[in-house]
Amino acid sequence: MLKTETITINMGPQHPSTHGVFRMVLTLNGETIVDLKPMFGYLHRGLEKTSESRTYLQAVPFTDRLDYICSMSNNFAYAVAVEKLAGIEVPLRAEYIRVIMAELTRLVNHMLAVGFLFNDLGAWYTPVVYAFRERERILDLFEMASGSRMMCNYIRPGGVAADLPAEFLPQLRKMIPHLENFVREIRFYLSDNEIFKARAVGVGFLPADMAVAYSITGPVLRASGVKYDVRKAEPYSIYDQFDFDVPTQVAGDVYARYLQRLDEMDESLKILRQAVERIPEGEYATKVPSRLRPPKGEAYARIEAPKGELGFYLVSDGSPNPYRWRNRPPSLINLSALREMCLGHKVADVVTILGSIDITLADVDR
Amino acid sequence: MYGKGIVKGLWVTLKHIWGTYAKDIKRFPRRYAPGGIAKRTDYDLYGLFTLQYPEERYEMFPRFRGALMHLRNPETGEPNCTACGACERACPHGVISLEGEGKGKDRKVTAYRYDLGRCIFCRLCVESCNFNAIELSREYELSRYKKDFILELDDLLKIGDKYGIHKTGEAWGVTE
Chain U
1 MLKTETITIN MGPQHPSTHG VFRMVLTLNG ETIVDLKPMF GYLHRGLEKT SESRTYLQAV
61 PFTDRLDYIC SMSNNFAYAV AVEKLAGIEV PLRAEYIRVI MAELTRLVNH MLAVGFLFND
121 LGAWYTPVVY AFRERERILD LFEMASGSRM MCNYIRPGGV AADLPAEFLP QLRKMIPHLE
181 NFVREIRFYL SDNEIFKARA VGVGFLPADM AVAYSITGPV LRASGVKYDV RKAEPYSIYD
241 QFDFDVPTQV AGDVYARYLQ RLDEMDESLK ILRQAVERIP EGEYATKVPS RLRPPKGEAY
301 ARIEAPKGEL GFYLVSDGSP NPYRWRNRPP SLINLSALRE MCLGHKVADV VTILGSIDIT
361 LADVDR
Chain R
367 MYGKGIVKGL WVTLKHIWGT YAKDIKRFPR RYAPGGIAKR TDYDLYGLFT LQYPEERYEM
427 FPRFRGALMH LRNPETGEPN CTACGACERA CPHGVISLEG EGKGKDRKVT AYRYDLGRCI
487 FCRLCVESCN FNAIELSREY ELSRYKKDFI LELDDLLKIG DKYGIHKTGE AWGVTE
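Residue numbers (our numbering), protein chains in the order written: chain U, 1 to 366; chain R, 367 to 542.
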């Protein structure tokens, strides 16, 4: 019998596959992982505390910087929370614009998630570049509407910052078939890839009960077979008026999470098609004072962000600044199950599993 | 069985490489002609294409949020700013500081400091302005050789003169 000793090594914080500054303390028995401890906080900027000394409107640009890949969703969640707190009504056109932006953001996020999963697996940058090509076109739409590619600051309490420019909707209508084609292309070229399947099937298994116990949300939860989506469970905005499904997978491994993201992209495109058809004319925002003073009270609003349930908890004491500004980031909470997924696997699989959870470190550390 | 996968993958790559060239040859006047980059999101453009950056630039969208600029009154040539301080209060980062003199309608701006290095280009200052005094320009090459990131009123007016607009929010469909 060969006697082996466990060793402890650091993976990160500067590591090409950790999607940011993130450190994992691995205890290894040979190549097998015995224990894993995620260490984060390298990107902590104190956004919650900073926002408490700003007005409600001034905190909108900060929400862009929580999860910089899907800034529109963050704006959306924050706007819904402030509206709930202050009792603001939103015009119908603004709601449609918000849904369009949120679903485009979901597409952007899942493109990157799928692309970088392959990047982590060693298909160095080929799938990512194809994903980036489509993403860049969506970001051009964002830039056309909001003036910035990533730090959009577009969805505000009360509506959106400005009406859509005239060329936005024709451009989007033209784009949707191409995006559908992109998802088909990814499926066709990558889903049956033998090397990918050998690396992904059965790796990073997360059973449904454990996913619920860790309060995992988003594609990771649905890939484990739990049919839960905030858009259906607690419809916000106008999501109850759209016809779409909540896809789920059975396996709960890396491959299932990959397929789950592709399925969700299809559903997003379905919503986009309906929204583009039905978007009404009208006002794009209700007038909200720049120094908004919501009545005393508290509000928690949550939306289905691309990575999971994104919530904002705001407490008002009647002054222009929030008394408490709390953010429930999907990345941090999905990351908490990393240890359970990794135990018993090899070091190379950690990279894959981390890529399949799809975290943004700015969202984890805030 | 892995050998099969590799060959299949390489075949896909080859097909893609050939496809790009084929499309490029089919539409011979390539989009690498001047003016071909005007529509950057267009799906009808095909072929091999790289933007030769310092010589060629993308046209920024009208709403692009770049560095701040000051606007002039078209008749008098004076800055529109009345030093009311709304932008100073609206800024989430304390980037703007200003001084003014005079009372009521005669109030004028005397000094305006804008810290480019800390600006996050959120456009909240412009939205707070009621006097058509400031707007975000489409300047995006904002790096400096020295640490002179603080722009004074004259620098901001100079950027504004380059664009020649006198009203804020024209591209945004909001004019007051």
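A hint or two may mislead.
What the hints assert, rightly or not - List of simulated lysine-lysine pairs, DSSO-like, C-alpha gap at most 30 Å:
id, chain 1, residue 1, chain 2, residue 2
1, R, Lys471, R, Lys533
2, R, Lys374, U, Lys287
3, U, Lys287, R, Lys533
4, U, Lys346, U, Lys84
5, R, Lys374, U, Lys197
6, R, Lys471, U, Lys197
Hints in this document: simulated from the structure, not taken from any laboratory.
This one's a predicted model, so the numbers in the text were calculated from it and none came from an experiment.
Comparing the hints with the structure gives:
1. Lys471(R) with Lys533(R): Holds - the C-alpha atoms of lysine 533(R) and lysine 471(R) are around 19 Å apart, at most 30 Å.
2. Lys374(R) with Lys287(U): 58 Å, violated
3. Lys287(U) with Lys533(R): 21 Å, holds
4. Lys346(U) with Lys84(U): Answer violated: lysine 346(U) to lysine 84(U) is near 47 Å, above 30 Å.
5. Lys374(R) with Lys197(U): Given pair lysine 374(R), lysine 197(U) holds - Cα atoms ~14 Å apart, limit 30 Å.
6. Lys471(R) with Lys197(U): Violated, at about 73 Å.
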